[in-house]
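S.K.: The residues making up each chain are set out below.
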Amino acid sequence: MIKFKNVYKIYPGDFLVLDDINLEIEKGEFVSLVGQSGAGKTTLIKLLIREELPSKGKIFWGSEDITKLHHRDLPNLRRRIGMVFQDINLLSQKTVWENISFVMEVAGRENEEIENEIPELLKIVGLEKCGDKFPHQLSGGEKQRVALARALAHQPDILIADEPTGNLDILSTWDVIQLLLKINEFGTTVILATHNKDIINQINKRVVTLDQGRIIRDKEKGKYSL
Amino acid sequence: MNKINRIFKSGINALIRNALLSVATITVITVTVFFISFFYLSNIITREIIDILEDQIDVSIFFKSGVSETDILTLRQELLSQAEVKNAEYISAEENLSRFRDRHLENPVISQSLDELEGNPLGGILNITAHNPEFYSSIVDYINNSPQQSLIFKLNYFESRPLIDKAEGLFSMVKKSALILGAVFVLLSILISYNAVRLAIYSSKKEIEIMRLVGANNWFIRGPFLVQGLIYGILGAILAFLLFIILTASASLRLEGFLPDPGILTYLKNNLWTLISVQFFSGIALAVISSYISIRKYLRV
Numbered sequence: 164m165i166k167f168k169n170v171y172k173i174y175p176g177d178f179l180v181l182d183d184i185n186l187e188i189e190k191g192e193f194v195s196l197v198g199q200s201g202a203g204k205t206t207l208i209k210l211l212i213r214e215e216l217p218s219k220g221k222i223f224w225g226s227e228d229i230t231k232l233h234h235r236d237l238p239n240l241r242r243r244i245g246m247v248f249q250d251i252n253l254l255s256q257k258t259v260w261e262n263i264s265f266v267m268e269v270a271g272r273e274n275e276e277i278e279n280e281i282p283e284l285l286k287i288v289g290l291e292k293c294g295d296k297f298p299h300q301l302s303g304g305e306k307q308r309v310a311l312a313r314a315l316a317h318q319p320d321i322l323i324a325d326e327p328t329g330n331l332d333i334l335s336t337w338d339v340i341q342l343l344l345k346i347n348e349f350g351t352t353v354i355l356a357t358h359n360k361d362i363i364n365q366i367n368k369r370v371v372t373l374d375q376g377r378i379i380r381d382k383e384k385g386k387y388s389l
Numbered sequence: 004m005n006k007i008n009r010i011f012k013s014g015i016n017a018l019i020r021n022a023l024l025s026v027a028t029i030t031v032i033t034v035t036v037f038f039i040s041f042f043y044l045s046n047i048i049t050r051e052i053i054d055i056l057e058d059q060i061d062v063s064i065f066f067k068s069g070v071s072e073t074d075i076l077t078l079r080q081e082l083l084s085q086a087e088v089k090n091a092e093y094i095s096a097e098e099n100l101s102r103f104r105d106r107h108l109e110n111p112v113i114s115q116s117l118d119e120l121e122g123n124p125l126g127g128i129l130n131i132t133a134h135n136p137e138f139y140s141s142i143v144d145y146i147n148n149s150p151q152q153s154l155i156f157k158l159n160y161f162e163s164r165p166l167i168d169k170a171e172g173l174f175s176m177v178k179k180s181a182l183i184l185g186a187v188f189v190l191l192s193i194l195i196s197y198n199a200v201r202l203a204i205y206s207s208k209k210e211i212e213i214m215r216l217v218g219a220n221n222w223f224i225r226g227p228f229l230v231q232g233l234i235y236g237i238l239g240a241i242l243a244f245l246l247f248i249i250l251t252a253s254a255s256l257r258l259e260g261f262l263p264d265p266g267i268l269t270y271l272k273n274n275l276w277t278l279i280s281v282q283f284f285s286g287i288a289l290a291v292i293s294s295y296i297s298i299r300k301y302l303r304v
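Sequences listed follow chains D and W, in order.
Heads up, the numbering used here is the position in the first sequence plus 163, with the first residue counted as 1.
Heads up, the numbering used here is the position in the second sequence plus 3, with the first residue counted as 1.
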């Protein structure tokens with residue numbers, strides 16, 4: 164489904180962040196990207212959502228090389244991806260309901276569909292009563308669950324979570340991880356970038372380990388080891 | 004239609020939720036529109052006042068006593084056929100005498116002297132007005148070279164020439180400085196307005212980037228900001244209009260006597276629709292164009 168082929172990312176000043184990345188992810192997989200801070204996990208994700216372009220190499224989504232996409236076609240790519248960020252990135256001026264409906268509106272969904280689906284999504288993430296609240300009225304864990312609901316509102320082919328539990332307490336962390344596993348069970352491909360050892364060891368899924376921009380290990384049902 | 008509704012709803016919500024920022028932006032736009040309309044109207048008023056003053060400058064030809072009305076009217080006809088001449092008012096010898104008597108009613112010596120004279124000692128007059136004060140010297144040249152030159156007793160141009168020259172220079176200077184000053188002030192206030200809108204959009208920089216990352220296309224992001232710009236512009240224009248009317252009404256009383264008739268309120272009434280159009284056009288264009296330009300760089304994600 165997704166293929167990184169000889170991908171390099173070099174920032175100005177000859178700062179090599181990704182070094183010859185070759186990686187394939189199949190549909191329906193749950194892949195954890197692990198590595199210390201600065202290993203290149205976030206950069207890899209940025210390339211996948213075309214927030215940045217690789218310095219060299221190709222990235223395929225199916226048969227399409229997404230590095231060749233025109234700027235105006237990026238919204239279509241991003242509508243196929245559900246994205247959960249470490250700093251959550253909710254729209255602060257919109258309510259929980261509006262945050263979720265926004266991504267459905269940009270995808271051209273009808274009002275009726277939106278009205279029907281948002282309560283379902285809020286139920287999945289356990290926030291049925293929070294629709295009218297603004298992000299600043301929620302806890303960190305609740306915000307991240309809204310971000311998950313928003314990511315799911317796309318009905319995405321792939322869900323990418325970049326350190327989604329980085330700012331959460333233990334209970335909220337496991338809430339979010341359980342949700343990711345549930346989403347994966349429904350058939351959505353999940354890519355989870357984290358450096359949380361406990362999470363990786365518990366979930367027992369594929370683990371891709373990055374170190375200084377290189378993939379040093381890629382194991383089915385792996386454990387956390389650097 | 005659904006998309007447009009969503010964009011409008013989103014724009015209005017954002018405007019209300021950012022009430023403080025919206026009020027600040029609208030205030031800056033109000034001041035800018037006020038300045039634009041102030042200089043627009045003052046430019047019109049300056050031109051009209053100058054036109055009135057220019058109309059008051061004329062050259063008078065005093066004919067010798069006994070010159071026939073036919074001769075005077077012939078010269079009048081010839082002058083009117085000149086492109087430079089705007090008007091040539093004829094005052095007959097009898098009318099001239101009657102006006103002279105009226106002017107000196109309280110001076111019995113003059114009245115008695117006139118009574119003792121046989122016939123009318125005064126001749127007819129032609130008051131010439133030009134389209135532009137610059138034209139007077141060529142009109143005077145034309146008169147001096149005409150066959151009727153010998154019939155003329157006096158031409159007051161040479162007496163009033165310094166005044167005409169002075170007025171001509173003053174008018175041209177006033178016109179130029181009003182234009183330059185106006186342009187500078189308008190430009191400054193446009194820049195301030197643009198920066199206010201830019202600041203408002205800068206505060207949403209992060210949100211714009213998030214919108215791009217969750218798959219919104221540029222028009223879906225830009226739309227609500229343009230709607231906000233539109234509302235800023237409309238409200239700014241309405242407030243500037245009210246402010247303008249109130250200030251003009253109070254200033255008109257103070258300026259009465261300084262400005263020639265018909266007075267500042269009449270100028271305002273005569274130009275009301277143009278003024279409203281200028282205010283709405285400048286307010287909306289300013290806010291919408293500023294929003295469009297300001298948001299551009301955040302859409303590159």
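Hints in this document: simulated from the structure, not taken from any laboratory.
One or more of the hints may lead you astray.
As the list claims (entries may be wrong) - Calculated cross-link-like contacts (lysine to aspartate or glutamate; reagent style DMTMM-like; alpha-carbon spacing at most 25 angstroms):
| no. | chain 1 | residue 1 | chain 2 | residue 2 |
| --- | --- | --- | --- | --- |
| 1 | W | K209 | D | D381 |
| 2 | W | K157 | W | E210 |
| 3 | D | K209 | D | D381 |
| 4 | D | K219 | D | D250 |
| 5 | D | K209 | W | E210 |
| 6 | W | K6 | D | E276 |
| 7 | W | K209 | D | D236 |
| 8 | W | K12 | D | E276 |
| 9 | W | K208 | D | E215 |
| 10 | W | K12 | D | E278 |
| 11 | W | K12 | D | E215 |
| 12 | D | K296 | D | D236 |
| 13 | D | K257 | D | E283 |
| 14 | D | K382 | D | D250 |
| 15 | W | K12 | D | E291 |
| 16 | D | K286 | D | E261 |
| 17 | W | K157 | W | D74 |
| 18 | W | K300 | D | E283 |
| 19 | W | K12 | D | E275 |
| 20 | W | K209 | D | E305 |
| 21 | W | K209 | D | E275 |
| 22 | D | K382 | D | D236 |
| 23 | W | K209 | D | D250 |
S.K.: Next step is simple, just say for each hint if it's right about the structure.
M.R.: Each hint tested on the structure:
At most 25 angstroms may separate the alpha-carbon atoms for a hinted pair to count; W/K209 and D/D381 exceed this at roughly 35 angstroms. Between W/K157 and W/E210, the direct Cα distance comes to roughly 81 angstroms. Violation of the 25 angstroms bound is thereby established for this hinted pair. At most 25 angstroms may separate the alpha-carbon atoms for a hinted pair to count; D/K209 and D/D381 meet this at roughly 20 angstroms. Taking the CA atoms of D/K219 and D/D250, the gap is about 28 angstroms. The hint is violated against a cut of 25 angstroms.
Between D/K209 and W/E210 the alpha-carbon distance is near 17 angstroms, which keeps this suggested pair within the 25 angstroms criterion. Taking the CA atoms of W/K6 and D/E276, the gap is near 15 angstroms; set against the 25 angstroms cutoff, the hint holds. Between W/K209 and D/D236, the direct Cα distance comes to roughly 21 angstroms. Compliance with the 25 angstroms bound is thereby established for this hinted pair. Our distance criterion of 25 angstroms between C-alpha atoms is met by W/K12 and D/E276, whose separation comes to about 18 angstroms.
Between W/K208 and D/E215, the direct Cα distance comes to roughly 18 angstroms. Compliance with the 25 angstroms bound is thereby established for this hinted pair. At roughly 16 angstroms between alpha-carbon atoms, W/K12 and D/E278 fall within 25 angstroms of each other, so this suggested pair holds. At most 25 angstroms may separate the alpha-carbon atoms for a hinted pair to count; W/K12 and D/E215 exceed this at roughly 32 angstroms. Under the criterion of a C-alpha separation no larger than 25 angstroms, the hint pairing D/K296 with D/D236 is inconsistent with the structure, at around 33 angstroms.
A hinted pair counts as satisfied when its Cα atoms are at most 25 angstroms apart, and D/K257 with D/E283 qualifies at roughly 19 angstroms. As the CA atoms of D/K382 and D/D250 are separated by approximately 28 angstroms, the hinted pair breaks the 25 angstroms bound. About 24 angstroms separates the Cα atoms of W/K12 and D/E291, which keeps this hinted pair within 25 angstroms; it holds. For the hint pairing D/K286 with D/E261, the CA-to-CA distance comes to about 16 angstroms; that is within 25 angstroms, so the pair holds.
Taken as a hint, the W/K157 and W/D74 pair is honoured in the structure, with Cα atoms around 16 angstroms apart against an allowance of 25 angstroms. Of the supplied pair hints, the one linking W/K300 and D/E283 is violated, its CA atoms being roughly 36 angstroms apart against a limit of 25 angstroms. For the proposed pair W/K12 and D/E275, the alpha carbon gap of about 17 angstroms is at most 25 angstroms, so the pair holds. Straight-line distance between C-alpha atoms of W/K209 and D/E305 comes to about 20 angstroms, which keeps the hinted pair within the 25 angstroms bound.
Distance restraint check for W/K209 and D/E275: the Cα-Cα separation of roughly 29 angstroms exceeds the 25 angstroms cut-off, and the hinted pair is therefore not satisfied. Of the supplied pair hints, the one linking D/K382 and D/D236 is violated, its CA atoms being roughly 34 angstroms apart against a limit of 25 angstroms. Simply put, W/K209 and D/D250 have alpha-carbon atoms about 12 angstroms apart, close enough for the 25 angstroms limit, and the pair holds.
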